[in-house]
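Put together the whole structure using the sequences plus the hints.
Chains A and B, in that order, are what the protein sequence lines are. Reading the first sequence from the start, the letters are residues 1 to 309 in the working numbering. Reading the second sequence from the start, the letters are residues 1 to 309 in the working numbering.
Just so you know, these hints were derived from the structure itself, not from any lab. Take the hints with a grain of salt, since some may be wrong.
For lysine to aspartate or glutamate, the following EDC-like pairs were computed, each having C-alpha atoms within a straight-line distance of at most 20 Å [said to hold, decoys possible]:
| # | chain 1 | residue 1 | chain 2 | residue 2 |
| --- | --- | --- | --- | --- |
| 1 | B | Lys27 | B | Asp116 |
| 2 | B | Lys27 | B | Asp152 |
| 3 | B | Lys32 | B | Asp85 |
| 4 | B | Lys299 | A | Asp142 |
| 5 | A | Lys39 | A | Glu49 |
| 6 | B | Lys32 | B | Glu108 |
| 7 | A | Lys278 | B | Asp208 |
| 8 | B | Lys159 | B | Asp116 |
| 9 | B | Lys39 | B | Asp59 |
| 10 | A | Lys299 | B | Asp134 |
| 11 | B | Lys278 | A | Asp208 |
| 12 | A | Lys32 | A | Glu170 |
| 13 | A | Lys278 | A | Glu260 |
| 14 | B | Lys27 | B | Asp59 |
| 15 | A | Lys39 | A | Asp54 |
| 16 | A | Lys299 | B | Asp142 |
| 17 | A | Lys159 | A | Asp142 |
| 18 | A | Lys27 | A | Asp180 |
| 19 | B | Lys39 | A | Asp207 |
| 20 | B | Lys32 | B | Glu170 |
| 21 | A | Lys278 | B | Asp207 |
| 22 | B | Lys278 | B | Glu292 |
| 23 | A | Lys164 | A | Asp208 |
| 24 | B | Lys164 | B | Asp152 |
| 25 | A | Lys159 | A | Asp208 |
| 26 | B | Lys27 | B | Glu55 |
| 27 | B | Lys27 | B | Asp40 |
| 28 | A | Lys27 | A | Asp143 |
| 29 | A | Lys39 | B | Glu277 |
| 30 | B | Lys278 | A | Glu49 |
| 31 | B | Lys32 | B | Glu7 |
| 32 | B | Lys164 | B | Asp116 |
| 33 | A | Lys299 | B | Glu139 |
| 34 | B | Lys299 | A | Asp116 |
| 35 | A | Lys27 | A | Asp92 |
| 36 | B | Lys299 | A | Asp134 |
Here are some of the chain B residues that sit facing chain A, going by a computed Cβ distance under 7 Å [said to hold, decoys possible]:
| # | residue |
| --- | --- |
| 37 | Gln112 |
| 38 | Ala126 |
| 39 | Ile148 |
| 40 | Thr167 |
Glycine residues also receive a C-beta, built at the ideal position from the N, C-alpha and C atoms.
There are 2 protein chains.
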Amino acid sequence: MADPLFERAAIVGAGLIGASLARALRKAGAVKSLIAYDKDPAAAARAKEIGVVDEAAKDFAAAAANADLIVIAAPVGAIDALCRDVNDHARDGALVIDVGSVKGAVAEAAAQLRADIAFVPCHPVAGTEQSGPDAGFAELFDDRWCIITPLDRQDDAYKAAVDKARTLWERVGAHVEFMDPAHHDLALAVTSHLPHLIAFTLVGAADDVESVAQAEVVKYSAGGFRDFTRIAASDPVMWRDVFLKNREAVLEVLGRFSEELAVMQRAIRWGDGEALEKAFTRGRSLRRAIVEAGQETAKPNFGRDKKGH
Amino acid sequence: MADPLFERAAIVGAGLIGASLARALRKAGAVKSLIAYDKDPAAAARAKEIGVVDEAAKDFAAAAANADLIVIAAPVGAIDALCRDVNDHARDGALVIDVGSVKGAVAEAAAQLRADIAFVPCHPVAGTEQSGPDAGFAELFDDRWCIITPLDRQDDAYKAAVDKARTLWERVGAHVEFMDPAHHDLALAVTSHLPHLIAFTLVGAADDVESVAQAEVVKYSAGGFRDFTRIAASDPVMWRDVFLKNREAVLEVLGRFSEELAVMQRAIRWGDGEALEKAFTRGRSLRRAIVEAGQETAKPNFGRDKKGH
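Okay, here's the thing in structure tokens:
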């Protein structure tokens, strides 16, 4: 076991990601003690009860006192208020990271921070459709990518903090990539935000076809629909905030998607089988690349069916 | 082991579904012998080589000779030509079933059949993203629904044939539901055809955002995108035919989806967090219902990640 990186980590937001990172940091021996704060006191208490952290804090100030690492793991809509809390309560020289799915808005919020605080915006591209402290597990970040979008600061203290954040993520099994916030927000709009929007929308649209009962949607969901329901079961508040905070990039990629969908619609209307077959052929190579990169299982149906081979 | 239902089954189309049904029928002791025909001779030869069937036929006539069951498991675009083959070569009184994902077009094609042939249109709502005889496995239909859309025939011989088809599907583990073809085509447009169209389109659109490299799409696909690539890796020819043969129903549900998507787009543009959160809340209950119905795993991330709990 390597040496601890931090004496005391404050986990702000005891949800899936906060609880997973707490477990992972402890498992890696990267922190000596852990304290959780959540605006829902029951979540922090639960995190303590199941051993995710050592203590539950009654407020942000109690969590931040003496913490040399603060992890902000709350919906990204709370980032401005939490940066004010950091300014008011973080100890001198604390390393602060967040785990939000949007990074441009986080960089803007961080501009108000005290100069002694090293804030390193991070986005571990990992998760499940589940929420809350009980959903967390230490292996969530294994072989996943964590994107760091450093602030525009050139001082040595900040560079050292970025290095330390990188080491933190590597200790919990992630691969680290650096990126500017605008590119992050566009790339993730493509690979995460648009897919979630589409899944939420498809699930809603299925509810609206009056002549097809929900019981039928459930029964015949193995035809493809069930795949979409996984990410459509994700935390509604977290995702609301993602779309509010990454509006421009999401609208941009949504525009591309809608154009492509209109092309498909026309091909169906006009019976253009050649165009359809050509468009449908692109999926296989991309999936193969994702499997080869270790980001997906090669098993049919994700290996989820009880008796699949 | 129950008694065999058939002496000799001809499997026309040695792909995922044909090979799976052949394996399942044999495992259930429902047939005494199996012969495969595929317009690609290599597929039929492969099915024989790996023990899916006893014999590979050189043409449709050789497969159909002496078969009391003919299973049409080819892309639905071939249904007219295959009904002509059935007329020319099926033995007197043969039971013929298909497994196509569209049923209105199949009923129309069946209108040309000889009166002595009992054609029972079937759609087992099961599959994986893989193709070909090697992808087949006997358990594919376990706990899945098979929809039968009987032709408009009231004679006793036909009713007995429908009963026999029902027994066949139950013997391989499926639950059977009866439906009229138009309702089938609408219900499956919702639960299968639209999801596939959306997945194919999203994968194509991701390719088209020039400033985001495909390598990035691959790396960060765990953010949600990878879920869509499973069904977008499905057989392009099979799916081309589905959209050509179920045009009206697909365009209808696609219109609903596009409207819903426009509503979401406006909510994002105007920063309407309340509307987004409300829309996003619908996904969880539907997923729970699908899990409870045994059509989906309850494990996070489909249980697919190496070290998830």
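Hints, verified against the model:
1. Lys27/B to Asp116/B: Given pair Lys27/B, Asp116/B is violated - Cα atoms ~29 Å apart, limit 20 Å.
2. Lys27/B to Asp152/B: violated, 32 Å
3. Lys32/B to Asp85/B: Violated: Lys32/B and Asp85/B sit about 23 Å apart, past 20 Å.
4. Lys299/B to Asp142/A: holds, 18 Å
5. Lys39/A to Glu49/A: Distance ~17 Å between Lys39/A and Glu49/A Cα, so the pair holds.
6. Lys32/B to Glu108/B: Status violated; Cα separation ~32 Å.
7. Lys278/A to Asp208/B: Holds - the C-alpha atoms of Asp208/B and Lys278/A are around 15 Å apart, at most 20 Å.
8. Lys159/B to Asp116/B: Between Lys159/B and Asp116/B the Cα gap is close to 13 Å, so the pair holds against 20 Å.
9. Lys39/B to Asp59/B: holds, 8 Å
10. Lys299/A to Asp134/B: holds, 13 Å
11. Lys278/B to Asp208/A: Between Lys278/B and Asp208/A the Cα gap is close to 15 Å, so the pair holds against 20 Å.
12. Lys32/A to Glu170/A: Distance of about 18 Å is within 20 Å: holds.
13. Lys278/A to Glu260/A: The hint holds at about 13 Å.
14. Lys27/B to Asp59/B: violated, 26 Å
15. Lys39/A to Asp54/A: Cα-Cα ~18 Å, so holds.
16. Lys299/A to Asp142/B: Holds, because 18 Å separates the two Cα atoms, which is no more than 20 Å.
17. Lys159/A to Asp142/A: Status violated; Cα separation ~25 Å.
18. Lys27/A to Asp180/A: Violated: Lys27/A and Asp180/A sit about 30 Å apart, past 20 Å.
19. Lys39/B to Asp207/A: violated, 40 Å
20. Lys32/B to Glu170/B: At roughly 18 Å apart (the allowed maximum being 20 Å), Glu170/B and Lys32/B satisfy the hint.
21. Lys278/A to Asp207/B: Holds, because 14 Å separates the two Cα atoms, which is no more than 20 Å.
22. Lys278/B to Glu292/B: At roughly 23 Å apart (the allowed maximum being 20 Å), Glu292/B and Lys278/B break the hint.
23. Lys164/A to Asp208/A: violated, 50 Å
24. Lys164/B to Asp152/B: holds, 17 Å
25. Lys159/A to Asp208/A: violated, 52 Å
26. Lys27/B to Glu55/B: Between Lys27/B and Glu55/B the Cα gap is close to 17 Å, so the pair holds against 20 Å.
27. Lys27/B to Asp40/B: Distance of about 25 Å is beyond 20 Å: violated.
28. Lys27/A to Asp143/A: Judged against 20 Å, a Cα distance of about 16 Å means the pair holds.
29. Lys39/A to Glu277/B: holds, 19 Å
30. Lys278/B to Glu49/A: It is violated: about 31 Å lies between the C-alpha atoms, which goes past 20 Å.
31. Lys32/B to Glu7/B: Measuring from Cα to Cα gives roughly 5 Å; hence the hint holds.
32. Lys164/B to Asp116/B: holds, 16 Å
33. Lys299/A to Glu139/B: Measuring from Cα to Cα gives roughly 15 Å; hence the hint holds.
34. Lys299/B to Asp116/A: violated, 43 Å
35. Lys27/A to Asp92/A: Not OK: Lys27/A and Asp92/A at ~27 Å, beyond 20 Å, violated.
36. Lys299/B to Asp134/A: holds, 13 Å
37. Gln112: violated, 21 Å
38. Ala126: With a minimum Cβ separation of about 6 Å from chain A (threshold 7 Å), the hint on Ala126/B holds.
39. Ile148: violated, 13 Å
40. Thr167: violated, 20 Å
Checked against the numbered hints given earlier, this structure breaks hints 1, 2, 3, 6, 14, 17, 18, 19, 22, 23, 25, 27, 30, 34, 35, 37, 39, 40; the rest are met.
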